[in-house]
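*Asks:* Residue strings, one per chain:
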Amino acid sequence: MADVNSLTIADARDALRKGDLTATELTDACLGQVEAAGALNAFVHNTPDLARDQAKAADERIKAGDAPSMCGIPLGIKDLFCTKGVPSQAASNILDGFRPEYESTVSQKLLDAGSVMLGKLNMDEFAMGSSNETSTYGNAVNPWRRQGDAAQLTPGGSSGGSAAAVAADLCLAATGTDTGGSIRQPAAFTGIVGVKPTYGRCSRWGIVAFASSLDQAGPMTKTVRDAAIMLEAMCGHDPKDSTSADLPVPDFEAALTGDIKGKTIGIPAEYRMDGMPAEIEKLWADGTAMLKDAGAKIVDISLPHTKYALPAYYVIAPAEASSNLARYDGVRYGRRAKLAQGDGVTEMYEKTRAEGFGKEVQRRVMVGTYVLSAGFYDAYYNRARKVRALIKKDFDDAFASGVDAILTPATPSAAFGLGEMAAADPVQMYLNDVFTVTVNLAGLPGVAVPTGLDAQGLPLGLQLIGRPWEEADLLNTAYALESAAGFVSKPARWW
Amino acid sequence: MLDHLSYSEPKAKVISGAREDWELVIGMEVHAQVASKSKLFSGASTKFGSEPNSNVAFVDAAMPGMLPVINEFCVEQAVRTGLGLKAEINLFSAFDRKNYFYPDLPQGYQISQLYHPIVGEGEVIVDMGPGVARRVRIERIHLEQDAGKSIHDMDPHMSFVDLNRTGVALMEIVSRPDIRGPEEAAAYVTKLRQILRYLGTCDGNMQNGNLRADVNVSICRPGDYEKYRETGDFGHLGTRCEIKNMNSMRFIQQAIDYEARRQIALVEDGKQVVQETRLYDPDKGETRSMRSKEEAHDYRYFPDPDLLPLEIEQDWVDGIAATLPELPDQKKARFVTEFGLTEYDADVLTAEAESAAFFEEVAQGRDGKMAANWVINELFGRLKKEDHAITESPVSAAQLGGIVDLIAKGDISGKIAKDLFEIVYTEGGDPAKIVEDRGMKQVTDTGAIEAAVDEVIAANPAQVEKAKANPKLAGWFVGQVMKATGGKANPKAVNEIVSAKLGL
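Chains A and B, in that order, are what the protein sequence lines are. Position 185 of the first sequence, counting from 1, maps to 650 under our numbering, and the rest follow consecutively. Position 107 of the second sequence, counting from 1, maps to 420 under our numbering, and the rest follow consecutively.
Here chain A stands alone, though its shape is the one from the complex:
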């Protein structure tokens, strides 16, 4: 078989089961692609030996007839996941040399299902960023380019390496994490599918924490079907994570009938932002029409507190991050700054954290420390929590009125150029999350689906937001949208 690395999980699974392909062949093909794609800087740590061993074991399982859907499927794992014995640095200098003695629950579940880990994927440092430019490894690069333009574009962030690797067919799928849009925005920027499950669906155990009340792991795949298959393998109750939900895991793939007749899709007025590019506007309208044609009922809805979501998010997420990142102090693991004669413990903290954390991480730690400090707590943090409750109520009301899913743009633009935002106000970068943060604040499932290209030939995506715990239904709607959009474009290979 040629170009097996570009297979979907579903196709590879069928080929593996039929014996048309072995996991070893598939893994070797991917490893070759990874090797050749240095220019994308998607993988920051390769584990070829581990991958080949896992592929061999997968082949034996397949031969024995004991092969779950993910068996033998080569994946990339975001660097935010702790992987046993393999560097896990959250793309930060402060975790220099850190190799955990444990495996995150999500990556362990994927390994238990027979998946193959090709290596660790680039990302924004501690998942803080929307362009992958805050990584200590340097940015990953989007395999897509504007037509007739060699300018390098961002793959988005924070799961930029995951998005680039999947879009460039270096692996069949990848794990991502999403705190404010870190799966969905890069998925939209690279023409792939990304799912942020309901908060509590995937265990957070072993994933380096950014903002604990918002973080969720999810699949980044080439198709909705693949996302359904992979999500099923990743999620489930974990007693080691108190916020993980003790609910049965549905057969997500079986739910993909494509039949959405009678479903009600809400179109929220507040997501029609001032100055929204006409292309995005058209994409949204086209997507709405596709769902309508597929038999869904379209209703206009209001989510009145939407405009407060971004400010609330940029209070809550940094507040939690400032506390979550306090453990990186140079005492027990990772980097410790070289100290001068006479330096004490305060100097150790200051120097270690000043040289270990990048600028964006430092900014958020400082913002978070500020909003939690005495005298400001009520004005910022408590207020943001109240706003969060109102945002959640907006969604609850919409779902209570009969809405099954909500359709919005995934991003306010297509992928932008690397370095383009370097001089901009950091808030400009934060605006990338404007359509996605509400979903994290409300703990809902969301999926980004590629549905078209812009005038310059770059992929654009739409977002579907579902009821809590109803990923199966949400994925089916996404499947209907994907089928109608018929998005099959691939980036032209330049790397």
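If you're looking for bench data, these hints aren't it; they were derived computationally from the structure. Worth double-checking, as some hints may not be accurate.
Stated by the list, open to error - Short, incomplete list of chain A residues facing chain B, as computed with Cβ under 10 Å:
1) Phe546
2) Cys547
3) Ser678
4) Pro704
5) Asp706
6) Val796
7) Glu820
8) Ser838
Beta carbons: idealized from backbone N, C-alpha and C, even for Gly.
Chain A is fixed; fit chain B onto it per the hints.
*Replies:* Frame of chain A; chain B shown alone:
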């Protein structure tokens, strides 16, 4: 059943300054380590004295991505403690992060309960002598993690950190400022410790740091405290200073006394007491400033997003309540009413649940006062000499009861009983059999006693004359008869016969 004996409140301690009299106002935060085999949020052991850094789970070391999971047993102990202090149990409580940097705090925050503690208001009756006690109101009890240990004196240039204690469950028991003197403060900790040990929720070992107290001290003019109690307005009280981390009853008293006098001197000198955290230096016998209010940490408390709120069921609480033991106040009241003991004796016997149980076994079906007397004076005295706990007593309750029985039956005298006790203590054995085998039974045969008395009278005519003039000298004859009979004669009978024969 009495909840407690009636009591009156003691007077506040008054310290005379150079110009006027002052009263003390004291509130305490006691940190009691939960008697649990594993930590509050991890499965690591809490065993004291293990090799440094051997009882550390990944979450205790705050490894990236590790998450806390609440230990239900620790929650149960906190509820049990709350019930023991007659406190309100909050069915909804939540954990907050208290953020600060220190090398022995790996997470960079302590998980505690600021906004919604698991236990609300309760009380402790602090005994200050027979009929006198102070009712100290408990404000709250919350669960929190202990920190590790920093060691600065092992190397001239480096510090070391031991994380064995990191994450061990503590109950912070916060009192209202109802304690009015150094002795009361020590008595409060003693009583709290006693209740915790009865409940089994904390071993109370102060030496190992399993029970330690932060003491808030302020001074006020006589009458001002009462105004505070009437209005709840802290403005009537002086500025307080907090003395941190006290783990000895003696030091608690010394530190409070020193601190009160320091504050009085300041105020009488026209200066102000500054709110601050202080440390007690037992070598110098003084407190010194650790950090001022301005230097105080901003802990940036916020709800811990890794943990869901702790919601418990009333049925579960009721189930715990049903297993509570009889507590010291109730037990003491019962000992006084049921066995006719003095409050003092009841206090001594109920100090430890084990000694109370021992006493009850001895007293079962016997004279309570006599049993108390033997347990307190003979057994406790002997155990103390060898620094033994009641649980290590070589004399069992059955053996001691046997001795008491022999006295009651008149088989042995009190004096012989003491010898018998010593034999049982050192050699063991059945007291009745020892008495039999060694011929220790007292002589009650009046004929034999009369003969012995006659013999002594006949041999000492001069003494007889003197005794007739001064009946007090009859005791000398009794002593001689006892000597002659090897102490086995019934002393009461000897007394009577001597008196009769001398015609007194």
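*Asks:* Against this structure, judge whether each hint is valid.
*Replies:* Each hint tested on the structure:
The criterion of a C-beta within 10 Å of any C-beta in chain B is met by Phe546/A, whose closest approach is roughly 8 Å, and the hint holds. A distance limit of 10 Å between C-beta atoms decides the matter here; for Cys547/A the minimum to chain B is near 5 Å, and the interface restraint holds. Interface hint at Ser678/A: satisfied, since its Cβ lies 4 Å from the closest Cβ of chain B, which is below the 10 Å cut-off. Hint status for Pro704/A: holds, given a least beta-carbon distance of 7 Å to chain B, under 10 Å.
The interface hint given for Asp706/A holds, since its Cβ lies 5 Å from the closest Cβ of chain B, which is under the 10 Å cut-off. The interface hint given for Val796/A holds, since its Cβ lies 5 Å from the closest Cβ of chain B, which is under the 10 Å cut-off. This hint is violated: Glu820/A has a C-beta 17 Å from the nearest C-beta of chain B, more than the 10 Å allowed. Taking 10 Å as the C-beta cut-off, the interface hint given for Ser838/A holds, the closest approach to chain B being about 5 Å.
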